[in-house]
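Read in order, the letters of the sequence shown are residues 0 to 140 in numbering that gives the first Met the number 0.
Do not take every clue at face value.
Simulated restraints, written as ranges between beta carbons of each label pair [said to hold, decoys possible]:
| no. | residue 1 | residue 2 | range |
| --- | --- | --- | --- |
| 1 | E72 | G29 | 43 to 51 Å |
| 2 | R61 | P117 | 54 to 62 Å |
| 3 | E18 | P118 | 24 to 32 Å |
| 4 | G88 | G29 | 41 to 49 Å |
| 5 | P15 | D46 | 29 to 37 Å |
| 6 | L42 | R78 | 38 to 46 Å |
| 7 | E66 | R17 | 39 to 47 Å |
| 8 | G62 | P1 | 23 to 31 Å |
| 9 | L44 | K10 | 41 to 49 Å |
| 10 | A33 | R78 | 33 to 41 Å |
| 11 | H123 | H84 | 37 to 45 Å |
| 12 | E81 | L42 | 18 to 26 Å |
No lab work stands behind these hints, which were simulated from the structure alone.
Ideal Cβ placement from N, Cα and C applies to all residues, glycine included.
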Amino acid sequence: MPVAKARARLKDFLAPVRETETVPLHQALGRVLAQPVHTSIPLPLFDNSSMDGFAVRAEDTRGASQEAPVILEVIDESRAGEPFHGQVGPGQTVRINTGAALPQGADAVVPVEDTDVPPATPNHALPAKVRIYRPVRPGEY
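Start from the sequences, fold in the hints, and give me the full structure.
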């Protein structure tokens, strides 16, 4: 197919939606919003993790690499709906699940793929320590 014809077909396929209708929320699945939705309150109401991993103080991961991992003490776990209520101190970390509240003292999350710990499975025991293979910056979560 010539490039020009492919572009024309693609343009027809990607034509903007011009007609709108109002439907109940339970019928909205798979539809496109006609206008942006705004909220007057911050959502979520707390800092939360967008990935499974380890909540850390970013400064504790400085210099971490495959050749020279940083080793941190795992003190507990934070799950969605079951947050860790303690404080992450120097040299410590908390295993964290997607959607879980970021613990106090932590300012970043190291993805589980950047550690020596396999992804969590049901009834999976917490490791005593974790090797971190890359540094993270504050706000990475």
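Practice task
Can you let me know if the beta-carbon spacing of E72 and G29 is within 43 to 51 Å?
Solution key: 46 Å, holds
Handout entry: 33 to 41 Å as the expected CB spacing between R78 and A33, which holds or is violated
Key = 37 Å, holds
Exercise for the section: Take a look at whether the Cβ-Cβ distance between L44 and K10 falls inside 41 to 49 Å. Expected result: 42 Å, holds
Problem - P117 and R61 - C-beta distance against the hinted 54 to 62 Å - result: Cβ of R61 to Cβ of P117: about 25 Å, so the range 54 to 62 Å is violated.
Practice task
Confirm or reject the claim that G62 and P1 have a C-beta distance inside 23 to 31 Å.
Solution key: Since G62 and P1 have Cβ atoms about 54 Å apart, the given range 23 to 31 Å is violated.
Exercise for the section: Mind checking the hinted window 39 to 47 Å against the Cβ distance between E66 and R17? Expected result: 56 Å, violated
Exercise for the section: For the range 29 to 37 Å, tell me whether the beta carbons of P15 and D46 fit it or not. Expected result: Roughly 36 Å apart at Cβ, these two residues keep to the hinted range, so it holds.
Problem - Cβ separation of L42 and R78, checked against the hinted range 38 to 46 Å - result: Once the Cβ atoms are compared, 19 Å apart, the range 38 to 46 Å for R78 and L42 is violated.
Exercise for the section: May I ask you to test the hint 37 to 45 Å on the CB atoms belonging to H123 and H84? Expected result: 21 Å, violated
Problem - Consistency of beta-carbon spacing, P118 to E18, with hint 24 to 32 Å - result: For P118 against E18, whose Cβ atoms are near 44 Å apart, the range 24 to 32 Å is violated.
Problem - C-beta pair E81, L42: status relative to the range 18 to 26 Å that was hinted - result: 20 Å, holds
Exercise for the section: Can you let me know if the beta-carbon spacing of G88 and G29 is within 41 to 49 Å? Expected result: 46 Å, holds
In the structure shown, a violation is registered for the earlier hints numbered 2, 3, 6, 7, 8, 11, in ascending order.
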